[in-house]
Amino acid sequence: MLELSNIDAGYGGFQALFGVSMTVKAGEAVAVIGANGAGKTTLLRVISGLLPATAGTMTMEGVSLRATPPHKIISTGIAHVPEGRRLFPRLSVENNLKIGAFIPAARQKFAERLAFVYELFPRLKERRAQLAGTLSGGEQQMCAIARALMSGPKLVLLDEPSMGLAPVIVAQVFDLVRRIRGEGYTVLIVEQNVRQVLRIADRAYLLEVGRLKASGSAAELAASDEIRKAYMGI
Amino acid sequence: MFTDLILRSPPQAGVSKDGRERNASMDCQLDIFFLEAVLNGLLLAGLLALLALGLNLIFGVIDVVWICYAELVMVGMYGIYYAHKGGAPFILAAVIGIVLVAAAGIVLHQLVIRPVLDSAPINQLLVTGGVLFFLQAAATMAFGIDFRNVGIRLGSFNAFDMSFSYSRIITFGVALAAMLLLWLFLSRSYIGIAIRAIAQDRQIMPLMGVDQRRIYMITSAIGGGLAGLAASLMVLQFDIYPQIGLQFGPLIFMICVLGGLGNMLGGFIAAFIISEFIAVGGSCFATEWGYAIAFLFFMVVIFIRPQGLFGGKS
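Which chain is which? The protein sequence lines are A and B, in order. Using my numbering, the letters of the first sequence map in sequence onto residues 1 to 234. Using my numbering, the letters of the second sequence map in sequence onto residues 1001 to 1314.
These aren't lab readings, by the way, just hints derived from the structure by calculation. Since we're looking at a predicted model, the values are computed, not measured. Watch out, some of these pointers could steer you wrong.
Unchecked claim - Pair ranges (Cβ atoms, derived):
1. K213(A) / R1213(B): 34 to 42 Å
2. A129(A) / M1217(B): 29 to 37 Å
3. G137(A) / Q1243(B): 52 to 60 Å
C-beta: ideal position from N, C-alpha, C; glycine also.
With the hints as constraints, model all of the structure from the sequences given.
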């Protein structure tokens, strides 16, 4: 579904990604793990066009993403839940969801998808008229995921969904991710919370200072001594 | 300074135009003159709120202040004047004016604002300030310094010994209706919600499939269209000349800043506050005093609450 090959990217004179190649197949949940500053967020920003790649090729179901303007990438079926959730704090929950369905193809299915995400997250339905900025952290993450689903994506990019949340809520957020997987979405998730994310992912890539250092099934990586020592504190 | 412009026939001390007598030394009393002043302030507020709304919309969304906003209104007034003089019925002339200034808004954005979008705010102020003087000079060259008037007289509505010109009543009604329509647009339509969203977080808009450049163009057209609508209402009340923008431009900025720059609701309320200062202050003392008191109030508020009465963007 998603193919990256030898992607370079950076900010100004600082290069953050070096020749990253990876694939995500339809129906998979793939995790990208690594330390703070390893380039995980940059990788997602490059895929969704927020940051242009400087070299390499990137395709979504055969469509070149580097040749697609940033605001059209969502129409290829990629929805990005950004780091820190980035809801529109002074819009209601429902208007946040409406913005998620901004693209013409999604507008026609707005009512149907709204009913779907409200069924998936009943809490959001209760709070639909509330300003998004007044939601709790866990509810905001729910709303951010729901907003991404409103565009009708095939692939959902999740950037650190557990960041800044209390441990109890973190478990709930990983449960959310498991549920949207169960709904048939393909998921590419970036996390520092390595132990938990490897439990819900099928495969994982390890990123270190902008380079892919390892890849394999989630079970393999979780069993690797190196990763256990460096990222799981064992 | 703005006196005869904004309040063409302020209730003056002495004998007013309709022959009512009023003692020049009489201070504020809760009489019919006071009520008339309050109601006239209300009518004035509609127009000022409409003008402030356009400026606040542009700032709230694009983060640039169109210092030349009042000059766009001036351009619209000339457009309406010449369209009407050329034979167009007034309503058609007004529509032409609105379209003209909406187009001017797009041109202003593309040619002047876009190149400085990421520049320091002072540079953005300077370029739009440059447009202000350019438009004034160009209008003087093109139209001369004569005062022009579309020549439509609507008369006034009299009740209980009070008098309100129909042009002000219509202005108030149309301005309120336009603001209501804009509010519906911003709260219901996809584009409208995107306009509000972009004011809150512009970086992630591409993730929503929103093309920022397109939203900026649409917002500029709406901001210009509101200036054109204000122009079509103002030609009913005021003479047109190249410097007319200087008469109400500073007042609009004061209202926007008082309400919290970029805060559309705040600007709306501030327009009513300032108008009442002008109208009631002008009625109790001399008209000039109304402005002096309004600006004094403004300065005191800004000392105490630099972000404006109602804070920043909404």
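To see whether the hints hold, each was checked on the structure:
1. K213(A) / R1213(B): 34 to 42 Å: holds (39 Å)
2. A129(A) / M1217(B): 29 to 37 Å: Hint holds: Cβ distance 31 Å, inside 29 to 37 Å.
3. G137(A) / Q1243(B): 52 to 60 Å: holds (55 Å)
In summary, the structure agrees with every hint in the numbered list given earlier.
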